[in-house]
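Quick note: the sequence shown, position 363, residue 441 per my numbering, numbers continuous.
Hints listed in this document are in silico derivations from the structure and should not be mistaken for laboratory results. Beta carbons: idealized from backbone N, C-alpha and C, even for Gly. Take the hints with a grain of salt, since some may be wrong.
Cut-off 30 Å, straight-line C-alpha distance, at most; resulting in silico cross-link-like pairs (BS3-like, lysine-lysine) [stated by the list, open to error]:
{"#": "1", "residue 1": "K401", "residue 2": "K205"}
{"#": "2", "residue 1": "K128", "residue 2": "K272"}
{"#": "3", "residue 1": "K404", "residue 2": "K205"}
{"#": "4", "residue 1": "K262", "residue 2": "K273"}
Between beta-carbon pairs, the in silico distance windows are [stated by the list, open to error]:
{"#": "5", "residue 1": "E375", "residue 2": "E324", "range": "54 to 60 Å"}
{"#": "6", "residue 1": "N264", "residue 2": "R397", "range": "35 to 41 Å"}
{"#": "7", "residue 1": "S265", "residue 2": "I136", "range": "36 to 42 Å"}
{"#": "8", "residue 1": "L276", "residue 2": "V423", "range": "38 to 44 Å"}
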Amino acid sequence: MSKIDFWQGNKAVAMGGLMAGCSFFAGYPITPSTEIMEIMSEELPKIGGKFIQMEDEIAGIAAALGASIAGKKAMTASSGPGISLKQELLGYAYMAEIPVVVVNVQRGGPSTGLPTMASQGDVMQAKWGTHGDHATIAYAPSSVQECYTMTIRAFNMSERFRQPVFILSDEVIGHMRENINIPKSNSIEIINRKKPNLDPSCFVPYKAENDEIPPMPAFGDGYRWHLTGLTSDDFGFPTNKTNEIERKAKRIISKVENVREEIVEYNEENMEDAEVAIVSYGSVSRSSLRAVRNLRENRIKVGHFRPLTLWPFPTLQIRQISKKVKYLIVPELNAGQMVMEVERVADSRCNVIGKSLLNGNLYKPEEIINFVKEVL
């Protein structure tokens, strides 16, 4: 039987990580994510795990990657300024194919910005923060419950695809407290990374299987494995052969893109007969849902679409919706990041309208209601 508790969002992230099998956390304190590392510092020693407060943000992700290479499920957490500092090593993790879960409890920016106020300004940073091409997986929880379940899912995806996976929370979601339903551990799917099962003398570190993902031994398992951030051949050594370069570059994208519809998750409400669809995510979706329900009470045909995965973007779903509705309205706590993706994939006959809020406050449902009425 499941258990009901009353948790903060950041605690739910930490406990979700532990449920997923996280046994290593390294990071550096930064508002509004610090509670995650505080809880990890208390809980990991109880299960034989390791916690390290590092000297800075760069060292935090470096240590997490080192633990992952050694065979442990690892996580780090930060906010915008810290995520900016982690970008070089995030690129290394994408290229070397090292699993790690990165939690970004977003706050206002740029720079030091608004440490104690919410933002959704890091959506594009999650996709394009490091240089070069790679596939991105990023989840956006809108409740304490989802902070828990999405963290488990993030670990599963990171282990499955051998790459970083983001959780894009924000100050409001991270610090709010709600009831949470904690399922029994035997009802939760846990995915672990594939390991090689052949003789070490036959092992080729980056020789991918049919799913485009190579098995990953831990350092110390007896398999020889060369790691580099340089574009490498299947043996892990740098290459300048164009066919090997192209194969590697395409594979670290296609391993995710080939199964994007298995990864993409979303929720819909009142979309059956909607003439207007509000597309929102994270904390904004809470106000959007209340706005939709109030508008429905006034017989205005409005629906709500919420991407749970911001990356991969729900391209197919948005395209289908845009062929049915007259307007797609995208309220965000940024200057208009997700609305660009909606515009990119929407049917040209659909009107896509963004709404930005940049003062650190949340949308009130009334603001969204009034905006919809203005559009109509």
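Structure-based check of all given hints:
1. Between K401 and K205 the alpha-carbon distance is near 26 Å, which keeps this suggested pair within the 30 Å criterion.
2. Under the criterion of a C-alpha separation no larger than 30 Å, the hint pairing K128 with K272 is consistent with the structure, at around 23 Å.
3. For the given pair, K404 sits about 29 Å from K205 by alpha-carbon distance, which is consistent with the 30 Å threshold.
4. Of the supplied pair hints, the one linking K262 and K273 holds, its CA atoms being roughly 27 Å apart against a limit of 30 Å.
5. Checked against the given bound of 54 to 60 Å, the beta carbons of E375 and E324, roughly 56 Å apart, stay inside it.
6. In this structure the hint that N264 and R397 lie 35 to 41 Å apart at CB holds, the actual value being about 39 Å.
7. Between S265 and I136 the Cβ separation comes to about 38 Å, which falls inside the hinted range of 36 to 42 Å.
8. The beta-carbon spacing between L276 and V423, approximately 42 Å, falls within the hinted interval of 38 to 44 Å.
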